[in-house]
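K.L.:
Residue numbers (the working numbering), protein chains in the order written: chain A, 1 to 294; chain B, 1 to 294.
Hints listed in this document are in silico derivations from the structure and should not be mistaken for laboratory results. A portion of the hints provided could be inaccurate.
Because identical chains share one entry, a pair is satisfied inside a single copy or across any pair of copies.
[Said to hold, decoys possible] Straight-line distance between alpha carbons at most 20 Å, and here's what the computed SDA-like set of lysine to any residue pairs gives:
#: 1; residue 1: K22; residue 2: Q11
#: 2; residue 1: K15; residue 2: D162
#: 3; residue 1: K120; residue 2: A265
#: 4; residue 1: K251; residue 2: P102
#: 5; residue 1: K120; residue 2: I81
#: 6; residue 1: K19; residue 2: E217
#: 7; residue 1: K19; residue 2: N48
#: 8; residue 1: K270; residue 2: S84
#: 9; residue 1: K251; residue 2: L103
#: 10; residue 1: K19; residue 2: E35
#: 11; residue 1: K19; residue 2: E169
#: 12; residue 1: K251; residue 2: P100
#: 13; residue 1: K120; residue 2: D150
#: 14; residue 1: K251; residue 2: M101
#: 15; residue 1: K184; residue 2: R2
#: 16; residue 1: K19; residue 2: D142
#: 17; residue 1: K120; residue 2: T249
#: 18; residue 1: K270; residue 2: E198
#: 19; residue 1: K15; residue 2: T218
#: 20; residue 1: K251; residue 2: V200
#: 21; residue 1: K251; residue 2: Y99
#: 22; residue 1: K251; residue 2: T106
#: 23; residue 1: K149; residue 2: E179
#: 24; residue 1: K120; residue 2: S84
Quick caveat, the model's predicted, so the values are computed rather than measured.
There are 2 protein chains.
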Amino acid sequence: MRIIHSIHEMQTIAKDLHKEGKTIGFVPTMGYLHEGHATLLKQSRAENDIVVLSVFVNPLQFGPNEDFEQYPRDSERDESIAQSVGVNYLFYPTSTEMYPMPLATTMTAVDRVDVLCGAKREGHFDGVVTVLAKLFNIVLPDRVYMGMKDAQQVAVVQGLVDDYNIPVEIVRVPTVREEDGLAKSSRNVYLTDQERKEAVVLSRSLELAQEMIHSGETSAESIISFIEKEIVINTSGTVDYVEIYAYPTLKQVDVLEGQLIIALAVRFSKARLIDNTVFVVHANKGEEITCSVQ
Amino acid sequence: MRIIHSIHEMQTIAKDLHKEGKTIGFVPTMGYLHEGHATLLKQSRAENDIVVLSVFVNPLQFGPNEDFEQYPRDSERDESIAQSVGVNYLFYPTSTEMYPMPLATTMTAVDRVDVLCGAKREGHFDGVVTVLAKLFNIVLPDRVYMGMKDAQQVAVVQGLVDDYNIPVEIVRVPTVREEDGLAKSSRNVYLTDQERKEAVVLSRSLELAQEMIHSGETSAESIISFIEKEIVINTSGTVDYVEIYAYPTLKQVDVLEGQLIIALAVRFSKARLIDNTVFVVHANKGEEITCSVQ
Chain A
1 MRIIHSIHEM QTIAKDLHKE GKTIGFVPTM GYLHEGHATL LKQSRAENDI
51 VVLSVFVNPL QFGPNEDFEQ YPRDSERDES IAQSVGVNYL FYPTSTEMYP
101 MPLATTMTAV DRVDVLCGAK REGHFDGVVT VLAKLFNIVL PDRVYMGMKD
151 AQQVAVVQGL VDDYNIPVEI VRVPTVREED GLAKSSRNVY LTDQERKEAV
201 VLSRSLELAQ EMIHSGETSA ESIISFIEKE IVINTSGTVD YVEIYAYPTL
251 KQVDVLEGQL IIALAVRFSK ARLIDNTVFV VHANKGEEIT CSVQ
Chain B
1 MRIIHSIHEM QTIAKDLHKE GKTIGFVPTM GYLHEGHATL LKQSRAENDI
51 VVLSVFVNPL QFGPNEDFEQ YPRDSERDES IAQSVGVNYL FYPTSTEMYP
101 MPLATTMTAV DRVDVLCGAK REGHFDGVVT VLAKLFNIVL PDRVYMGMKD
151 AQQVAVVQGL VDDYNIPVEI VRVPTVREED GLAKSSRNVY LTDQERKEAV
201 VLSRSLELAQ EMIHSGETSA ESIISFIEKE IVINTSGTVD YVEIYAYPTL
251 KQVDVLEGQL IIALAVRFSK ARLIDNTVFV VHANKGEEIT CSVQ
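If we strip away everything but chain A, and leave its shape as in the complex, we get (with noise of 0.2 Å):
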């Protein structure tokens, strides 16, 4: 493995790996990698003659009341993990490198953002396009491994993708899960046993919504209704949102058809969990089709 810092070195290599014929397979992260991390570079891995793990803790995408200087780093664990599972360059450039000076032009996620956890974090998804931008022209991948836990940055990031015809697949990751259900976090830890136990609601309460859809439920009130249910009678937790929309417009929908993502975020004592399903609905049917994109 070989650790980059210069953004002309990483993009030269990358220019030789097309020349090359070799595709090229991208997780950008912000380092203190988990679970969640390694699942996208193993998958990057299998599909990808190359697979680049950037490594950069970017400030644009922090907002004021969120702490930059206190995020967390390891850069030696973060080396060790990409170096276990196969990472060829881990490209982990400075600030200064990334952002010598002001942008002359700037980048604003002005749609997809005002949804979900984006409602609260103003200005949070313009740094994630700006720096994913750059890194998509420095990196030049193929494909691009993202997280569905996060199903709202892919949604962002897709539609950065078909908007400037950038040249790269983005590859849905389906979120990683605990053997009941209960999708890892490393916010995991801070719940009780208690909340643990009850913590498998979430998730199985986007299940049984998805079956409810299927069996023909057509109002996305109803389903909003009975998840807020099952996590108020049977959780300690409190709701922060239950959201339905189109995936991944983020829009409103009126008919419970095509792509859909049902989202939730609970809090709990000492964590605040999410988690989502995503699925398609075949019109006029209240079927549903498949999960395979979550």
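On the provided structure of chain A, position chain B as indicated by the hints.
P.N.:
Below, chain B alone, put in the same frame as chain A:
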């Protein structure tokens, strides 16, 4: 020459060309090709394996008072010129192909835009950077050829390329001039015979100003005042602006050093003409080293 209307087809061809090790030179235009475009295309032809010309009248870069519908179009003539200078691919998309839906992520040119001609064309450069960000991803050029007649546009696009690490080289092509030095322009035909004779003062005053700096003049104000007087005394035109900036940042300079632009715009009875010169002044010497960048 192949004419291509589909983004997907153009991008696929570009990718394949890179795999074959071919270099791509690109000239983006809004069509209605004139001698300036032909000059760009010829230089691109000489320096690359493959030449791509795009013709797209970009609605996003027209202001509310600028008539998109009235913009002249002549696709047959454009094709014939493209063919004659050896263009390999003419990319000719529709507006629907380029903008199938509202952008989820927008680009805003925030710097280098509120000076020179840009000062009166609010939002114009937002449209320019947006369409070029797309075209660069579609055509995947190694080199993009732009005329220094519109030096501000070149500066803004260089900013875009630098900010987002776009893997292209912006090649600055010198302004094509008449024998007496007047910058060629489709608007020159609107000059009266008398104005045409006077108009030589524009390029000549820029040359003289450059010589003054070369000879040790250190005051931007003196230079600007000299050019304004030259124009007022020797022509019937009225000065729209005469400005000096660092190039390509278009920032005001305290000391006349480094790469500089002197640019002017003058209104005649039925035509507004622009011209500029970009040159390098070495530090602490007042000595002009090269004009080769212009």
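K.L.:
It remains to establish, for every hint, whether it holds in the given structure.
P.N.:
The hints, checked one at a time:
1. Within a single copy, K22 and Q11 get their C-alpha atoms as close as 14 Å, and across copies as close as 18 Å, so both meet the 20 Å cut-off.
2. Taking CA atoms no more than 20 Å apart as the test, K15 paired with D162 passes between copies only; the shortest distance there is 17 Å, against 22 Å inside one copy.
3. Taking the closest pair of Cα atoms, K120 and A265 come within 20 Å of each other only inside a single copy of the chain (12 Å); across copies the shortest separation is 47 Å, beyond that limit.
4. With identical chains, the CA atoms of K251 and P102 are at most 20 Å apart between copies only, with a shortest distance of 13 Å across copies and 33 Å within one.
5. Neither within a single protomer nor between protomers do K120 and I81 lie at most 20 Å apart by alpha-carbon distance, with minima of 32 Å and 54 Å respectively.
6. Taking the shortest Cα distances, K19 and E217 never come within 20 Å of each other, neither inside one copy (52 Å) nor across copies (50 Å).
7. In this homomeric assembly, K19 and N48 come within 20 Å of each other (Cα to Cα) both inside a single copy, at 15 Å, and across copies, at 16 Å.
8. For a Cα distance limit of 20 Å, the shortest separation of K270 from S84 qualifies neither inside one copy, at 32 Å, nor across copies, at 71 Å.
9. Taking identical chains as interchangeable, the C-alpha atoms of K251 and L103 lie at most 20 Å apart only when they sit on different chains, with a minimum of 14 Å there against 30 Å within one chain.
10. In this assembly of identical chains, the alpha carbons of K19 and E35 never lie at most 20 Å apart, being 33 Å within a copy and 35 Å across copies at closest.
11. Proximity of K19 to E169 under the C-alpha cut-off of 20 Å is found in both arrangements, the shortest distances being 19 Å within a copy and 18 Å between copies.
12. Taking identical chains as interchangeable, the C-alpha atoms of K251 and P100 lie at most 20 Å apart only when they sit on different chains, with a minimum of 17 Å there against 37 Å within one chain.
13. Taking the shortest alpha-carbon separations for K120 and D150, only the intra-copy value of 15 Å comes in at or below 20 Å, while the best inter-copy value is 42 Å.
14. For the homomeric pair K251 and M101, the shortest alpha-carbon distance between copies (14 Å) is at most 20 Å, but the shortest distance inside one copy (36 Å) is not.
15. For the homomeric pair K184 and R2, neither the shortest alpha-carbon distance inside one copy (29 Å) nor that between copies (52 Å) is at most 20 Å.
16. Taking the shortest alpha-carbon separations for K19 and D142, both the intra-copy value of 13 Å and the inter-copy value of 13 Å come in at or below 20 Å.
17. In the homo-oligomer, the alpha carbons of K120 and T249 lie at most 20 Å apart inside one protomer (18 Å), although the nearest pairing across protomers, at 35 Å, exceeds that limit.
18. For a Cα distance limit of 20 Å, the shortest separation of K270 from E198 inside one copy, 14 Å, qualifies, whereas the shortest one across copies, 78 Å, does not.
19. Taking the closest pair of Cα atoms, K15 and T218 never come within 20 Å of each other, the shortest separation being 50 Å inside a single copy and 44 Å across copies.
20. In this assembly of identical chains, K251 and V200 lie within 20 Å of each other by CA distance neither inside one copy nor across copies; the values are 28 Å within and 58 Å between.
21. Only between protomers do K251 and Y99 lie at most 20 Å apart by alpha-carbon distance; the minimum there is 19 Å, versus 33 Å within a single protomer.
22. With identical chains, the CA atoms of K251 and T106 are at most 20 Å apart between copies only, with a shortest distance of 18 Å across copies and 25 Å within one.
23. For the identical chains of this complex, K149 and E179 are intra-copy neighbours only, at 16 Å inside a copy versus 65 Å across copies, given an alpha-carbon limit of 20 Å.
24. When the C-alpha separation of K120 and S84 is checked against a cutoff of 20 Å, the pair qualifies neither within a copy, at 36 Å, nor between copies, at 57 Å.
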